[in-house]
Amino acid sequence: MAPQPITPAADASNEILLAATGVSKRFGGVRAVEDVSIAVRRGEIASIIGPNGAGKTSLLNMISGFYRPDSGSITIEGVDTTRFRPAQIAALGIARTFQNIALFGGMTVLDNIMLGRHVRMKSGVLSSFIYWGLAQKEEVAHRERVEELIDFLELQDLRKQPTSALAYGLRKRVELARALALDPKLLLLDEPMGGMNQEEKEDMARYVIDVNEQWGTTIILIEHDMAVVMDISDRVAVLDRGRKIAEGTPAEVQRNPAVIRAYLGAGGEGRGQAA
Amino acid sequence: MPEFEWQFTLVLLTNGIMIGLMYALIALGFVLIYKATDAINFAQGEFVMFAGFIAAGSAEILGAPFWLSAMFAIIGMIALGFGLERVVLRPLIGRPVIAVVMATIGLAAVLRGAATMAFGAGTRAVVMPVSDEPLELGPVMLPPVQLVGAGVSLVFLAAFTWFFLKSRTGIAMRAVADSQQVSMAMGINVRRYFALAWAMAGIVSALGGVVWGTMLGVDNQLALVGLKVFPVVILGGLDSIMGAVIGGLIVGIVENFAAGYLDPYVGGGTKDFAPYVLMIIVLMIRPEGIFGRRRIERV
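In order, the protein sequence lines correspond to chains P and F. Mapping to the numbering used here: the first sequence position 98 is 98, numbers consecutive. Mapping to the numbering used here: the second sequence position 174 is 174, numbers consecutive.
Everything labelled a hint here was simulated from the structure, so no lab data went into it. All clues given are correct.
In silico DSSO-like cross-links for lysine-lysine, where the CA-CA straight-line distance does not exceed 27 Å:
{"id": "1", "chain 1": "P", "residue 1": "160", "chain 2": "P", "residue 2": "201"}
{"id": "2", "chain 1": "F", "residue 1": "166", "chain 2": "P", "residue 2": "137"}
{"id": "3", "chain 1": "F", "residue 1": "166", "chain 2": "P", "residue 2": "160"}
{"id": "4", "chain 1": "P", "residue 1": "137", "chain 2": "P", "residue 2": "160"}
{"id": "5", "chain 1": "P", "residue 1": "185", "chain 2": "P", "residue 2": "137"}
{"id": "6", "chain 1": "P", "residue 1": "185", "chain 2": "P", "residue 2": "201"}
Same shape as in the complex, but just chain P (with noise of 0.2 Å):
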């Protein structure tokens, strides 16, 4: 992780945009996360998988300031991240889902996804009282970047539903807009197929590449459905009771046999097929 000097945009894909490094958190006697280092590459989908209650969420909620690490670092393009709170690690361009839905219940699908820019609007509470001054050109600005976004997810037709009445594929999806509305740099999916039918889970995996392809927005994402993680991912790392066990392209973790015992069992079928 030596500094590099600035890298012209080809090479920028070897920038890394972040660095956790010997990250712990324990809540009382339990090791959620372990003296676990990750390193993410400027536009690449780096995925974290693991067996349950291998620290993945704990990780991500170190990550985007939800939890303070007992010890390590995090770092976001060279800032020390480590003791920022929540508000101020979205302020930087980090936008997160959660692995239970958390849409604003009582609100519609525009407003939930207006919500996510909150981030990017300039003028303060005050003067948004003057709804018909500067504040009302704002809006409309951030409402074409809302359209573009409901455009993208194909939620046109649900613009005024109230969230609470989606069936939950869509709930997932409007979840991802309202993230994406803050126009990250660096998204954390907490599980966006979990729970989800085959089809659904294809369209998600769509999106999520989509994502990445078209505004360059690099991803990590937690996901318990192998084949989606070994389809999708530019590099996995592999926790396992708070620890990272594996690390690599998704050819190199699925032949490591730390990863398939970890999926196995310690029984050890050293040279089975990884789940």
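Based on these hints, arrange chain F on the given structure of chain P.
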């Protein structure tokens, strides 16, 4: 058995509506805080009382004209709202609801005591520069003070409805009320919105204090109008402005009808508890209130 007199009924109804709108104004302060911060403010009546003292005190001591003393009350209550949020409520963010409830009950006692210490125990007047002559509309007599009070209530209830539905700040405030965690992930500064909610409740309480202070006079007893907030918000729903209006109207009308139709037979007093009887009945049938959002608990 007296005959049914529609004129008498009309008078009771009109007065009930006027008073009801003014109850709604006070309930609005309560709803604002509940909507934004999920906290139940048991000191709402004391907020109103304190605002009344500021208005009456600044008129008496500084000789300020009515409009200026109303401004003082508003500014004073904004400052009080911000201050209390910062000092008392903020450390309680994320603590159990009961802690916040107890804190506001304590706050209520402190405010009552502080007001008596600062302004004395006597009843003070807030004098609204409107005529004492009631406006006669057929059989109905409307005191101008009530008309102004009801008008102010309507304007602010409409303004806050718009604010929560359409303004970006209002929508963000609803988001914060819905989920602090998710709001933070959107980059919303949750604490700033909490402070804003308390300040807005301060503004509403200041208006309530001026209006109710004019009608009842300002002393410790003024805080008792705050107790009417509970049947109002239970009937209407804790987090609904429209509910506060309708709850307020129901309470105002029920009170007046009880006073007009029941009191003559039982020797008086039903006016004071009739709204609470209704509140208990509604709680038994529909615990979230008539217009409240049904909360679906995730297990």
